[in-house]
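Undergrad: Letter by letter, the chains look like this.
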Amino acid sequence: MEELETKKYAGIDLGRTSVQFSIYREGQEEMTEESFLLSEEEQKEYIESGMRQVERYMETGGLRWPDFQAVHFSMEDASEENRSKLKSAVSEELRKLHGVKVITHFRAFAEYVFHQERIMWDRNTLLLDYHDNQLSYVLIDQIRRSKQKAYRALQQRIDLNEYRVAEGTPEQDQNFGQMMKRFLVKNPANIIFLTGSGFEGNWMKKTLTYLCAGRRVFLGQNLYANGACLLGIHSIELMDEGMILMDGPDMVYHTVGVVTTEAGKPQYVPITSIGREWYNTHGSVDIILDKSQRVDFFYHNTKENEIEGAACDIKGLPKRPPKTTRIRIEVSFTSQTEGVILLKDMGFGEMFPATGKIIVFPFTLIS
Amino acid sequence: MRESLICIGKIGEKGYYFEDTGIQIFSYEELCYYMSQHMICYIHTLPGEDLLAYIRDELDLDKLSKQLSKLLDPEKDQMKYFAALFREGHYFNEDEIRDILDEYRGLMNAPVYLQKKWMGDLLTSSGRASRAIRYYQEALGQKEIKEEEVGRLYHNMGVAEAKLFRFENAKINFIKAYQYTGEESSLFYYYCIMALADGIEAAGEELKTFEDSDFLLDAFEEQFAAFEEDFAYSAMAEKYRKIVFLDENGKPEEALAKKQRLVSALKKDFRKEIDI
Numbered sequence: 001m002e003e004l005e006t007k008k009y010a011g012i013d014l015g016r017t018s019v020q021f022s023i024y025r026e027g028q029e030e031m032t033e034e035s036f037l038l039s040e041e042e043q044k045e046y047i048e049s050g051m052r053q054v055e056r057y058m059e060t061g062g063l064r065w066p067d068f069q070a071v072h073f074s075m076e077d078a079s080e081e082n083r084s085k086l087k088s089a090v091s092e093e094l095r096k097l098h099g100v101k102v103i104t105h106f107r108a109f110a111e112y113v114f115h116q117e118r119i120m121w122d123r124n125t126l127l128l129d130y131h132d133n134q135l136s137y138v139l140i141d142q143i144r145r146s147k148q149k150a151y152r153a154l155q156q157r158i159d160l161n162e163y164r165v166a167e168g169t170p171e172q173d174q175n176f177g178q179m180m181k182r183f184l185v186k187n188p189a190n191i192i193f194l195t196g197s198g199f200e201g202n203w204m205k206k207t208l209t210y211l212c213a214g215r216r217v218f219l220g221q222n223l224y225a226n227g228a229c230l231l232g233i234h235s236i237e238l239m240d241e242g243m244i245l246m247d248g249p250d251m252v253y254h255t256v257g258v259v260t261t262e263a264g265k266p267q268y269v270p271i272t273s274i275g276r277e278w279y280n281t282h283g284s285v286d287i288i289l290d291k292s293q294r295v296d297f298f299y300h301n302t303k304e305n306e307i308e309g310a311a312c313d314i315k316g317l318p319k320r321p322p323k324t325t326r327i328r329i330e331v332s333f334t335s336q337t338e339g340v341i342l343l344k345d346m347g348f349g350e351m352f353p354a355t356g357k358i359i360v361f362p363f364t365l366i367s
Numbered sequence: 001m002r003e004s005l006i007c008i009g010k011i012g013e014k015g016y017y018f019e020d021t022g023i024q025i026f027s028y029e030e031l032c033y034y035m036s037q038h039m040i041c042y043i044h045t046l047p048g049e050d051l052l053a054y055i056r057d058e059l060d061l062d063k064l065s066k067q068l069s070k071l072l073d074p075e076k077d078q079m080k081y082f083a084a085l086f087r088e089g090h091y092f093n094e095d096e097i098r099d100i101l102d103e104y105r106g107l108m109n110a111p112v113y114l115q116k117k118w119m120g121d122l123l124t125s126s127g128r129a130s131r132a133i134r135y136y137q138e139a140l141g142q143k144e145i146k147e148e149e150v151g152r153l154y155h156n157m158g159v160a161e162a163k164l165f166r167f168e169n170a171k172i173n174f175i176k177a178y179q180y181t182g183e184e185s186s187l188f189y190y191y192c193i194m195a196l197a198d199g200i201e202a203a204g205e206e207l208k209t210f211e212d213s214d215f216l217l218d219a220f221e222e223q224f225a226a227f228e229e230d231f232a233y234s235a236m237a238e239k240y241r242k243i244v245f246l247d248e249n250g251k252p253e254e255a256l257a258k259k260q261r262l263v264s265a266l267k268k269d270f271r272k273e274i275d276i
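Residue numbers (the UniProt record's numbering), protein chains in the order written: chain A, 1 to 367; chain B, 1 to 276.
Chain A on its own, in the form it takes in the complex:
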């Protein structure tokens, strides 16, 4: 019997030692999760090798990229170099159909959590990622408890040497447990996710007893791939609304916007949102120039709640009556705190034709 046509979404986590591949089929409760270990030789070029594993799995399982609605990748090190390597490693078909959309592990975890039921993220949620004797954590907590709630996700690394935790030693369980006790006193969490090869093996006894006391604890290796997969279904409303501050490397925490008037009151309108990697942060808005030939931009630092402004003069356009120049503003980031704003003259239909002139306005966020 043929499989019924259902919408499919894919998430691929390209790790240094293994590849995780998650598929979500609309209407099914659970995801299909696959994991492929990379040999030592393959680990040297883990991105290319990982993609080869995925393509091989697809071929064996009779899957094709056009079967998917969206494909997202997650990587621990989503540097420009690695993103570029991935672009070269994927097939042309995949690139054309879905693009090469990469998110960090940090974001993938947030996507995973905020795509779950409210109970999973409405109270403090913690992720512990333990591998190669290194431990990093992500803590999601509510920073505004008013009607419009806001959340902060913080990514940090814990120095295991400080707690004398070493993989494979007899004291590992004891010391790890002690460390978690101290950590959870400072950073209470109700839900804990554990991921990474460091948690494998049967060494956790005391640690697990402590972690599970009054908390829900989940252990899994496909967390990041699942998060990337869920992102394809829909974006998180709270993130679109700028209600999730992602405090970690590569994450944008400034909004870029303009001030407009609504019902006689000035109002700040953000063009870009926070909570995403700088290379995934873009925004666009069309504005109408009134009497002045300049646009004032405002940069809102959501972490410190500070605002700075910058004015962009628009020169070289033909003379037109007030309110008959439409400008398309496109904002993109070139790093976490730098970017460029393009202002394109769209004219005003047939009445005042566009010149197509583009003004480039770079910005650097100081605060």
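Source of the hints: derived by calculation from the structure; they are not laboratory data. Careful, some of the hints might be misleading.
As the list claims (entries may be wrong) - Below are the BS3-like pairs computed for lysine-lysine, each with C-alpha atoms no more than 25 Å apart in a straight line:
(1) B:K259 - B:K163
(2) A:K344 - B:K14
(3) B:K80 - A:K265
(4) B:K63 - A:K265
(5) A:K206 - A:K186
(6) B:K10 - A:K265
(7) A:K323 - B:K10
(8) A:K357 - B:K10
(9) B:K239 - A:K319
(10) A:K344 - A:K357
(11) A:K344 - B:K10
Claimed, not checked - Now the stretches of chain B that chain A is said to cover, found in silico as 3 or more residues with beta-carbon under 8 Å:
(12) 4-17
(13) 22-28
Keep in mind that this is a model prediction, so the values were computed, not measured. All C-beta atoms in this analysis are idealised placements derived from N, C-alpha and C, irrespective of residue type, glycine included.
Starting from the known structure of chain A, arrange chain B on it as the hints suggest.
TA: Leaving out everything else, chain B in the frame of chain A:
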């Protein structure tokens, strides 16, 4: 702090074509601007339902479309239709909306001959000369019209006739305008038609039959020369010079192709002028 206006809705893939003026709009903001400049077209009837469909389908402003459809009822105050349209996206501020609606009220309360004249003027400036003439004639048929306005109507009708290359009609209208108002501008337009059709000297001679003044003739010659100079720097004149240059420099085929394109564009514009 300078404020920007944020655009609402989408830019339409297709434009909405206003039959009266031949202008197409592609966005909510263009619609507001167009309406504010052409309220005279809507003193008797509101825009049709096809505009509401355009607002809904192309501009993606379903709520506004529904709201306006409720205000299409002829029993309702037409001002409410425009107030709802302008308030939706804050393209105009409240003071500007009040001014536009006051002006609209003024247009609706104006004497019929003035309404017809304004409509004719709008059509003339929109490249709809034939339609404009019809409105001017209807205005002239009104009983309460003032003598001074009769002259202005003839003058404007002369301009519309000239746009249709009906030079004899245009000349008659300018002379009538001059007789009613005594304004030199009508005489000057008469002089221009003569200069274009029969040459500058013949125009000068003709002028003497109305006003035998060297001073006036000098002023007209100077003004006409200024018009010619302005035209010489226009895009149209540049295109024409290019065609001549190509033709004289061994590229007759390219010149012919450009000429055909120019003539085709002129014909297209002229078709609107003669459209009734």
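Undergrad: Confirm or reject each hint.
TA: Hint by hint, here is what the structure shows:
Distance restraint check for B:K259 and B:K163: the Cα-Cα separation of roughly 21 Å lies within the 25 Å cut-off, and the hinted pair is therefore satisfied. Proposed proximity of A:K344 and B:K14 is supported: the alpha carbons are some 21 Å apart, at most 25 Å. The hinted pair formed by B:K80 and A:K265 meets the criterion: a straight-line CA distance of about 23 Å does not exceed 25 Å. Distance restraint check for B:K63 and A:K265: the Cα-Cα separation of roughly 23 Å lies within the 25 Å cut-off, and the hinted pair is therefore satisfied.
About 20 Å separates the Cα atoms of A:K206 and A:K186, which keeps this hinted pair within 25 Å; it holds. Simply put, B:K10 and A:K265 have alpha-carbon atoms about 24 Å apart, close enough for the 25 Å limit, and the pair holds. With a CA separation close to 17 Å, the supplied pair A:K323 and B:K10 stays within the 25 Å bound. The suggested pairing of A:K357 with B:K10 holds, with an alpha-carbon distance near 21 Å, which does not exceed 25 Å.
Our distance criterion of 25 Å between C-alpha atoms is met by B:K239 and A:K319, whose separation comes to about 23 Å. Distance hint between A:K344 and A:K357 is fulfilled; the C-alpha atoms sit about 6 Å from each other, no more than 25 Å. Distance check on the hinted pair: A:K344 and B:K10 sit about 16 Å apart at the alpha-carbon level, within 25 Å; holds. For the stretch 4-17 of chain B, the assignment as covered by chain A holds, since 6 residues bring a beta-carbon within under 8 Å of that chain's beta-carbons and 3 suffice.
Evaluation of the coverage hint for the stretch 22-28 of chain B: fulfilled, as 5 residues show C-beta separations to chain A shorter than 8 Å, against a requirement of three.
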